[in-house]
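Undergrad: Sequence:
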Amino acid sequence: MKLTPLEIKQHQFDKSLRGYDVGEVQSFLALVASEMEQLQQKNSELQEQVQGLNKRITHYEKVEEAIHETLQTTKESVAQKMEQARNEANTAMDRAHMEADRMIQEAQQQRSTIRQDMIRLLERRDEMIQSFQQFLENNMGMVEKFAANEFHIFDPIDGPTDESDASPSVSTKPSLDQSNDPSISNTSGETGDITMNPEAEDMLTGDQDIESEPNTPEKKKQASSSSLDDDDFMNTFLDELD
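For what it's worth, the working numbering labels the leading residue of the sequence shown as 1, then goes sequentially.
Since the hints were derived computationally from the structure, they do not count as laboratory data. A hint or two may mislead.
[Said to hold, decoys possible] Think about it this way: if two alpha-carbon atoms lie no more than 27 Å apart in a straight line, the pair counts; the simulated BS3-like pairs of lysine-lysine are:
| no. | residue 1 | residue 2 |
| --- | --- | --- |
| 1 | Lys62 | Lys75 |
| 2 | Lys42 | Lys9 |
| 3 | Lys42 | Lys55 |
What you are looking at is a predicted structure, and each value in this text was computed from that prediction instead of being measured.
Whole structure, please, built from the sequences with the hints as guidance.
TA: So this is what it looks like as structure tokens:
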């Protein structure tokens, strides 16, 4: 049974002979009611404090939960950022390796192309040298034959004794070119002998000397040495390309 201070104060006892002193009982009941009232007031205050503390506990629990959620979100975000950075770094490394491989492949292709071009140039050079050598050998033979008068260009031409013996292919008259060329003079008159003046002989002799110079051993040795030097240079260049 729950009693209030007012009920304690207003409680009435039955009267009997030789009972308790009514005044003392009333005083004691008043004291008990006062103490009961104070206890109830203090209990109410404690209840309010408990409610306040419970509210604060609830608030701190919510804050703690929010902090845990924030930490979890931060951890997840950091993990995502790290994973993204790792992926970007791997992608950049892969691109760098691919670019390096591409540049190396292009350099190797360029080196191979340059080497092939140099080989073709060397082959072309050798072909041209052989062609020039063949050309010089052929023309030097012609010059030597011309200088030795093997074609009988400068042989004396004897005129015919009479008109019936004259060959239709040989004319006793000098040609238009011979008559206009100051280097050739008809000094024999009617006999048709052709001689060359000293200037023409010097020119012919000089041309013969100039044309015959590449066949000398010194010239051949110099030409061979120059060709070897070029070959050594090109071989060294091709070795460096490798």
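Undergrad: Please go over all the hints and tell whether each is borne out by the structure.
TA: Here's how the hints hold up against the structure:
no., hint, verdict
1, Lys62 - Lys75, "holds (20 Å)"
2, Lys42 - Lys9, "holds (20 Å)"
3, Lys42 - Lys55, "holds (20 Å)"
Consistency note: the structure conflicts with none of the earlier hints.
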